[in-house]
Amino acid sequence: MALVPLQYAFGSIWHRKGATLLAVMSIAATVAVLAGMLCLQQGFLGVQTQGGRTDLAVFLRPGANSEGESAFDLERSQIVMKESPEIQTDDNGAPMASAEMFLAVSLPKVDGGKTNVPLRGVQPMSFAIHGDDLKILAGRNLTPGTNEIIVGRSITDRIADCKVDDELELNMTMFRVVGVFEARGSHNSEIWGDVDRLRSALQFDNYNRVIGLLKPGITAEQVHERLVVHPRAPAKVIDEKTYLSSQTGMLSGMLGIMGGFLAFLMGIGAIFTGTNAMLSLVASRTHEIGILLATGFRPWAIFVSFLLEAALLGLGGGIVGCILVLPLNGMQTGTTNFQTFTDIAFAFQFTPTVLITALATAVILGVVGGAFPAFRASRLTPTQALRRG
Amino acid sequence: MPWALLFRNMLGHPVRSALTVLSVAVALALLCVLDATARGYTSAVDLAAQNRLVVMSQVSLFVPLPLAYQQKMEQVEGVQTTTKFQWFGGEYGDRGGFFAQFGVDADAFETMYKEVSLVEGSFDEFRGERTGCVIGKGLAAQYGWALGDEVRLTSAIFPRGAGGKEAWTFVVRGIYEAKRKNFDEQTMFFHFDYIRDSLETGAAQGAEGAGTYAIEIDPNMRAETVMSAIDALFENGPQRTRTTSEAEFNRQFMSMMGNIPLLLRSIGGAVLFAIFFAVLNTMLMAGRERTRDLGIMKALGFKNGHIGMMLVVESMVLILIGSLLGVVLAKGLAEVMRPFVSGFAPGFAIDGAVLAQGLTIAGVLGLVSGLAPGLRAIRILPVHALREDA
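Chains as they are written, first to last, in the working numbering: chain A, 1 to 389; chain B, 1 to 390.
Hints in this document: simulated from the structure, not taken from any laboratory.
Ideal Cβ positions, reconstructed from N, Cα and C, are used throughout, including at glycine.
Be aware that a few hints might be false.
[What the hints assert, rightly or not] Covered stretches of chain A (in silico footprint by chain B; criterion: 3 or more residues with CB under 8 Å from a CB of chain B, positions within the stretch not fixed):
1. 21-30
2. 93-105
3. 110-116
4. 133-141
5. 150-156
6. 272-280
7. 347-354
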């Protein structure tokens with residue numbers, strides 16, 4: 001049995017520009033909101049989890065979910081670093097592990113207001129662990145044991161006093177910015193300094209976490225099994241990749257839920273508008289449907305043809321919606337990841353995931369909206385259809 | 001105005017009219033909810049108490065202030081009452097049910113926060129029990145908690161037990177209602193001393209000190225004077241402080257989240273277009289297919305104004321019915337959303353101002369959508385109208 005030629009669906013959409021345009025725009029508005037939220041989510045996820053390593057173990061206090069909540073005193077951090085055979089050693093036989101301090105410090109933004117910037121205290125071994133992943137873009141690296149700090153490239157233009165040669169006061173101690181660095185993912189939003197200088201300036205008794213480079217073939221779970229029951233220095237151990245994604249679950253989930261919720265409600269409205277537009281298309285072509293039926297096309301072919309037309313309408317809306325959102329791509333924005341309570345800078349990312357989700361949603365909206373009108377069209381009898389009009 | 005004809009026209013296309021009304025209803029409900037969120041979000045600043053200050057560490061909200069600071073601050077001229085505010089970060093149940101909890105000084109808290117009005121239980125019962133707590137009525141409703149119930153929370157900031165997963169037990173001794181719109185009803189307050197005792201006995205781990213202090217000042221004193229006096233007191237450490245008004249503290253806290261009002265407004269804009277397209281679509285269709293009827297009416301001597309007006313009124317009636325449904329829907333939606341948004345938008349409510357704005361916008365859109373075909377109806381000549389195919 002023959003399908004109605006494709007040109008028919010294309011042609012008739014074009015013929016009734018006014019009504020279809022409104023239905024297309026209404027789907028476009030829905031898709032634009034969904035795609036916009038997804039771009040935010042993708043941008044956030046991209047910067048946060050980009051390049052998390054599975055061979056880098058993160059040691060936290062048992063029960064802690066983030067480094068801000070975690071604490072290790074000097075003794076326990078030494079036990080974890082020096083008595084873990086799973087950790088790689090460098091050429092001198094020293095374990096490639098480092099005890100870090102972490103604090104979200106309140107600093108003024110360049111464009112006004114304050115935000116929480118992650119401040120990380122590092123040890124000389126931290127640079128060996130990060131290796132080539134860390135590059136100094138301007139100035140030089142910090143000298144261990146001094147009040148020198150380096151800032152991540154994402155914040156040097158965003159936060160006041162974070163350019164090379166600026167001075168930054170933390171509690172009662174002045175620190176000098178000596179360089180701008182680039183590293184993997186969220187480290188680009190951080191300020192790094194000597195861990196012991198920072199701890200003394202901020203009156204910190206403890207370290208927050210320990211990181212260690214694992215020997216090949218060893219997983220963080222294996223270390224966890226051993227350390228979680230350690231009598232003197234119990235610790236929770238996860239790999240960096242898992243750690244980073246656990247820090248983003250809440251915000252990225254919220255953006256996803258919000259996008260879905262808005263798209264659902266607006267989608268209902270768009271389906272209704274689409275149905276109306278398709279109903280009027282069907283009504284204005286009753287005569288033509290009669291002719292199609294009289295020339296031997298079966299009702300299901302009519303149904304498919306109108307459904308196809310509705311899907312095209314939806315696709316049109318999806319494309320327009322994506323075009324509306326496209327200028328956002330690459331736009332810098334920032335928010336607080338309230339799982340870590342730190343500022344995180346990222347850009348809207350129009351990824352293939354966004355495109356596919358948006359277009360698929362648009363087509364579904366069109367098809368659902370067109371189902372009833374298409375059904376109505378297919379139920380006409382030739383005599384009925386030809387008599388009218 | 002020929003009302004009978006108007007309604008007959010609308011009922012002539014029951015499916016179309018119903019779909020239009022429904023899409024207006026959904027869109028308006030969404031618009032109201034978005035607007036309520038934006039308003040609730042800013043209300044935390046607008047409605048903050050004038051005579052309350054917040055003291056935090058100058059360097060970070062996450063550095064606790066020494067407990068010895070409290071007594072020193074109380075010596076500052078103009079300071080009347082002070083309470084600690086310690087964020088607890090507890091999670092309820094395995095699925096990570098999350099709401100705000102603060103450890104406070106019970107007496108000072110009762111004196112300073114008059115907007116916290118207990119509807120069940122009493123402050124005396126709360127004071128009398130070290131593990132007692134008062135909870136907002138929103139929280140009580142969300143988790144089905146009643147007076148005397150035990151609430152078990154695990155905290156990553158103050159882990160208990162060797163694995164850190166042992167629960168803290170609290171007993172509900174009061175359920176409060178907020179007398180001020182911007183005060184959250186999803187929060188739990190308990191005794192700061194419960195944390196302190198647990199840290200001292202080694203039952204729990206965590207940092208000593210208080211995250212922030214809230215201060216009530218003499219209303220006759222200038223807030224700025226008191227603020228600088230407090231900050232000057234701790235200029236030489238060990239932790240420098242930053243004292244701000246409650247409004248400023250709330251504003252800074254919210255500015256961290258980025259420009260949420262802008263995000264909400266952008267989405268609201270898209271929703272507006274959606275309503276507009278829905279109604280305009282319907283009215284343009286109605287106008288077009290009724291061209292012949294219009295011709296007949298004109299030939300019969302109906303005035304042009306009346307004929308144009310009919311389409312405008314029809315559009316307004318559709319919008320009105322849709323809006324009323326939308327209001328009902330918005331109220332329902334708000335109840336579902338309250339637990340999720342009241343944390344950052346404590347004043348979240350579908351109130352008069354929200355409804356007035358929503359209905360005004362809907363009314364304007366209805367008018368414009370009706371005018372588009374209405375004006376065409378006025379201009380068209382009877383002969384042309386009658387000649388056209390129906």
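Right, here's what the structure says about each hint:
Only when three residues or more bring their CB closer than 8 Å to a CB of chain B does the claim for the region 21-30 of chain A stand; here the count is 6, and the claim holds. Beta-carbon proximity to chain B at under 8 Å applies to 3 residues in the region 93-105 of chain A; the threshold of 3 is reached and the given coverage holds. For the region 110-116 of chain A, the stated coverage by chain B holds: 4 residues have a C-beta nearer than 8 Å to a C-beta of that chain, and at least 3 were required. Restraint check on the region 133-141 of chain A versus chain B: 0 residues with Cβ-Cβ distances below 8 Å, three needed, restraint violated.
Three residues within the 8 Å Cβ limit are the bar, and the region 150-156 of chain A against chain B gives 0, so the coverage statement is violated. Here's how the region 272-280 of chain A fares: 7 of its residues keep a CB closer than 8 Å to some CB of chain B, so the rule of at least three is met and the hint holds. With 0 residues bearing a CB less than 8 Å from a CB of chain B, the region 347-354 of chain A misses the requirement of three and the coverage assertion fails.
Checked against the numbered hints above, the structure breaks hints 4, 5, 7 and satisfies the rest.
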